[in-house]
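There are 2 protein chains.
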Amino acid sequence: MSDLLYLEDLVVGQKFTSPMHALDAAQIKAFASQFDPQPFHTDEAAAKATFFGGLAASGWHTAAITMKLLASTKPGIAGGLIGAGGEIAWPQPTRPDDVLQVTSEILEVKPSRSKPERGMAVMRSETKNQRGEVLQILTSRLIVPKRRPEAI
Amino acid sequence: MSDLLYLEDLVVGQKFTSPMHALDAAQIKAFASQFDPQPFHTDEAAAKATFFGGLAASGWHTAAITMKLLASTKPGIAGGLIGAGGEIAWPQPTRPDDVLQVTSEILEVKPSRSKPERGMAVMRSETKNQRGEVLQILTSRLIVPKRRPEAI
Numbered sequence: 001m002s003d004l005l006y007l008e009d010l011v012v013g014q015k016f017t018s019p020m021h022a023l024d025a026a027q028i029k030a031f032a033s034q035f036d037p038q039p040f041h042t043d044e045a046a047a048k049a050t051f052f053g054g055l056a057a058s059g060w061h062t063a064a065i066t067m068k069l070l071a072s073t074k075p076g077i078a079g080g081l082i083g084a085g086g087e088i089a090w091p092q093p094t095r096p097d098d099v100l101q102v103t104s105e106i107l108e109v110k111p112s113r114s115k116p117e118r119g120m121a122v123m124r125s126e127t128k129n130q131r132g133e134v135l136q137i138l139t140s141r142l143i144v145p146k147r148r149p150e151a152i
Numbered sequence: 001m002s003d004l005l006y007l008e009d010l011v012v013g014q015k016f017t018s019p020m021h022a023l024d025a026a027q028i029k030a031f032a033s034q035f036d037p038q039p040f041h042t043d044e045a046a047a048k049a050t051f052f053g054g055l056a057a058s059g060w061h062t063a064a065i066t067m068k069l070l071a072s073t074k075p076g077i078a079g080g081l082i083g084a085g086g087e088i089a090w091p092q093p094t095r096p097d098d099v100l101q102v103t104s105e106i107l108e109v110k111p112s113r114s115k116p117e118r119g120m121a122v123m124r125s126e127t128k129n130q131r132g133e134v135l136q137i138l139t140s141r142l143i144v145p146k147r148r149p150e151a152i
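Going line by line, the protein sequences match chains S and V. Residue numbering for the first sequence follows UniProt numbering, starting at 1 and increasing by one per position. Residue numbering for the second sequence follows UniProt numbering, starting at 1 and increasing by one per position.
Isolated chain S, as found in the complex (with noise of 0.2 Å):
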């Protein structure tokens, strides 16, 4: 079997888990000072006052470490890991001292009906720290090339 997953190999209930990622404080901030520069993502003082009670990542930031980690699961997906969009929620804040694992289930499966060689997976992901508490929850639908395209 090759290394790679094609839609074919792509079953419901199938699970994958990541490496994982240690986050730090200054991670949080370079992210934050590029992309989302609010006080409670940049300033552990500024953030005690603050909806977060302290320092917390960006969601944003929790959602690039995901794929990070996503794109380094094995095995991989064929193709590489497109995804067309989904649904993202945050249960509760990502913080300094958090480590990012991330484990993921196959939902559903279906071919292209315009695309013979290709279908889409839709992937439930749930990126979690170390006591387990859930960070984030995305359910992302993936573009997945088929091994063999069939005649439509």
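Hints are all accurate, no fakes.
EDC-like cross-link-like pairs, simulated, lysine to aspartate or glutamate; straight-line CA separation at most 20 Å:
(1) V:48 to S:117
(2) S:146 to S:9
(3) S:15 to S:87
(4) V:15 to V:105
(5) V:128 to V:87
(6) S:68 to V:43
(7) S:48 to V:117
(8) S:74 to S:3
Just a sample of chain V residues kept apart from chain S, beta carbon distances all over 12 Å, derived:
(9) 75
(10) 108
(11) 113
(12) 114
Reference listing, derived: stretches of chain S covered by chain V, where coverage requires no fewer than 3 residues with Cβ under 8 Å from a Cβ of chain V:
(13) 29–41
(14) 66–80
(15) 87–101
In case anyone wonders, no lab produced these hints; they're calculated from the structure. Quick reminder that beta carbons are idealized off the backbone N, C-alpha and C, glycines included.
Using the hints provided, position chain V relative to the given structure of chain S.
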């Protein structure tokens, strides 16, 4: 009227337009090398043979730039832009020469049932390039403080 918007200041149909952000290949590769190191995001030549047919930004890079543009849109929201989650779609790839701008519209405003000091706003944000092509549609649930918390 204050420079910052509270829940009471938001109305369905209200629109906001962000500043602009000019992208380039170096930014695309820098983000991708850190968070989404796939060939179609990191290497022009390798990208040609992929689904994208050329260098494209990671969807999460488009999302991060969108956040930056939303954070610098005036007037701002009191307490900052705090998202609980939402839906995201990337109808087409973001390319190296794109100039991004975000137009947003308030779709829904609802006080919290349990928290007298805040509520939720649903906002639809379209990220377009200089040709008006829609690169990202984000429908986000924002946590917005009230100017005058009510007793419940």
